[in-house]
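Visitor: Sequence:
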Amino acid sequence: MKLVFNINDYIEKIKKSNNYFHTFINNENLAAGVLVLQPGEKDTQEPHDSDEVYFVLKGDGFLKIKDVDYPISENKMYFVGKKIEHFFHGNSKELTILYFFGGPDS
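Oh and the sequence shown: position 28 is 28 in the numbering used here, straight run, nothing missing.
Note that these hints are calculated values from the structure, not bench results. Be aware that one or more of the hints could be misleading.
To be verified - Taking CB as the label site, the calculated pair distances span:
1) Pro47 - Met77: 14 to 22 Å
2) Ile7 - Asp60: 31 to 39 Å
3) Gly81 - Thr44: 15 to 23 Å
Claimed, not checked - Restricting the straight-line Cα-Cα distance to at most 20 Å, the calculated cross-link-like pairs of lysine to any residue (SDA-like) are:
4) Lys76 - Gly59
5) Lys82 - Gly59
6) Lys83 - Thr23
7) Lys42 - Asn6
8) Lys58 - Asn6
9) Lys15 - Lys76
Quick reminder that beta carbons are idealized off the backbone N, C-alpha and C, glycines included.
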């Protein structure tokens, strides 16, 4: 099992693909990944089956949770409960987020 992860490698992989996220740990107890959204790019995620935490590495914009827009900024963390509608939007610069699920990424 891999124990050390270079986030920059995954960010570069995302930028060369058609996806805006990459899950690099995915098992029954934990999932972790990185999300990169360019300005104007749409976050199309659906509610998840596990609680989730987002940590903002860089960027700006908003995280809509249910019907509330939460301003996001670097070095802040946000919690989203399972099965709750949410998505990122309104970023004026590249947005880079680490995410962690309390279970598998489904």
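Visitor: None of the hints should be skipped; say for each whether it holds.
Guide: Here is how each hint holds up against the structure:
no.	hint	result
1	Pro47 - Met77: 14 to 22 Å	19 Å, holds
2	Ile7 - Asp60: 31 to 39 Å	19 Å, violated
3	Gly81 - Thr44: 15 to 23 Å	20 Å, holds
4	Lys76 - Gly59	11 Å, holds
5	Lys82 - Gly59	24 Å, violated
6	Lys83 - Thr23	19 Å, holds
7	Lys42 - Asn6	25 Å, violated
8	Lys58 - Asn6	16 Å, holds
9	Lys15 - Lys76	23 Å, violated
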